[in-house]
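Peer 1: So you can see what is in the structure, the chains are spelled out below.
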Amino acid sequence: MTRRRLDDIDRQIVARLSEDARISNRQIATDLGVTEGTVRARVKRMEEERQIRITAVTNIDRFRNGALAYIWIEVERSHQVQAVARALSAIGELGFVGEMLGRSDLLAITMVRSNEHLAEFVHQRISSIPGVRRTESTLGVNFVKHDYRMARIVS
Amino acid sequence: MERVSQIELDETDHAIIALLRADGRLPFRSIARELGLTEATVRSRVRRLEESRTMRVVAVTDIEAAGFGMLLAIGVQVESRSPEEVARELAAVPEVFSVNVVVGAQDIEILMVAEDQVALHRLLHERIAAMPGVRRLTPALAVNVLKNQPDWVPFDRGASA
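Protein chains in written order, with our numbering: chain Z, 1 to 155; chain A, 156 to 316.
For reference, chain Z alone in the conformation it holds in the complex:
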């Protein structure tokens, strides 16, 4: 699936929306010297084509003792990767699920309260998925950077 790339005007609009997406189309139009209709049509198109998603993000510092956990998952047989990936996607607590090449077959990322919470989550929710052979988890101790402007927009 190849997605159309953003042009210069798209990028300038997105740059404004990345700072504060509640800004009005009129304000963006004034700042960029284009018509309000241009801004409205482009934002609509970018959303419809899933080039951008306008959404609320919440501050991880609001969650006391919250830490990111990277869970690497290996399957029994390679043909099970897609089925396991679909099962993982259905788990609400996971913020990222990807089929990977190299280190392991799948990567899932979630937020946990502690090492114990991570162990319990992996044991109860992931190891029990048919086809999962083994998992390896790493627990974040310092979330140094996350650029919320970048993601793979899936749905």
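Hint data in this document are derived by calculation from the structure and do not stem from the laboratory. Glycine included, C-beta positions come from ideal geometry on N, C-alpha and C. It is possible that part of the hints are untrue.
Claimed, not checked - Covered, in the sense of this in silico footprint (three residues per stretch, anywhere, with C-beta under 8 Å from a C-beta of chain Z), are these stretches of chain A:
1) 173–187
2) 190–198
3) 255–261
4) 275–289
5) 294–303
Claimed, not checked - A few chain Z residues that don't get close to chain A, going by computed Cβ distances all over 12 Å:
6) 36
7) 56
8) 76
9) 79
10) 117
11) 128
12) 145
On the provided structure of chain Z, position chain A as indicated by the hints.
Peer 2: The following block gives chain A in isolation, referenced to the frame of chain Z:
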């Protein structure tokens, strides 16, 4: 990093956040109608959530639409330098969009994008592998991302790169 003022969130705040998560440009009057509140209440609640640095409404760009064809998760092992220092240096690379100091077999986990294989090769070997303290990189290439909706981010350690 600024300190986050801890405001108490009630059900109404959570309901407003949930609606804005689904559609960040939903008008205040639609939120008000949906939740049976006045538009003024919604407006002041949203302002409080923003001012307390609890929530922000932003545009997220698809990495492919932004021109990046490759997404990788890379484990970084560090020697003779603190992982925190190496992590801060990694965070200064714009293509490295997520950096976590971790405990386990790796010292740091990063998520990184690249335009194509040539750009990836240059980034990995000329920039990241060459950083003082970086001992080994263990990369994995994402070939299919089924889900990517982190709604938790550190506010002060993001878009500055």
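Peer 1: Give a verdict on every hint.
Peer 2: Now for the hints, and whether the structure bears them out:
Counting residues of the region 173–187 of chain A whose CB falls under 8 Å from any CB of chain Z gives 6; the rule of at least 3 is met. Evaluation of the coverage hint for the region 190–198 of chain A: breached, as 0 residues show C-beta separations to chain Z shorter than 8 Å, against a requirement of three. Only when three residues or more bring their CB closer than 8 Å to a CB of chain Z does the claim for the region 255–261 of chain A stand; here the count is 7, and the claim holds. Remark: the region 275–289 of chain A is not confirmed as covered by chain Z, as 0 of its residues place a Cβ nearer than 8 Å to a Cβ of that chain, below the required three.
Taking a C-beta to C-beta cut-off of 8 Å, the region 294–303 of chain A contributes 10 residues in contact with chain Z, enough for the three needed, and the coverage statement holds. For residue 36 of chain Z, the shortest C-beta to C-beta distance to chain A comes to about 14 Å, beyond the 12 Å cut-off, and the non-interface label holds. Taking the minimum C-beta to C-beta distance to chain A, about 4 Å, the non-interface status of residue 56 of chain Z is violated against the 12 Å cut. Look at residue 76 of chain Z: its CB is around 19 Å from the nearest CB on chain A, clear of 12 Å, so calling it non-interface holds up.
Its beta-carbon lying about 14 Å from the closest one in chain A, residue 79 of chain Z satisfies the requirement of being farther than 12 Å from that chain. With a cut of 12 Å on Cβ distances, residue 117 of chain Z stays outside the contact zone with chain A, its closest approach being about 15 Å. The non-interface label for residue 128 of chain Z is consistent with chain A: the shortest C-beta to C-beta separation is roughly 19 Å, beyond 12 Å. Under the 12 Å C-beta cut-off, the non-interface status given to residue 145 of chain Z relative to chain A is violated; the minimum distance is some 4 Å.
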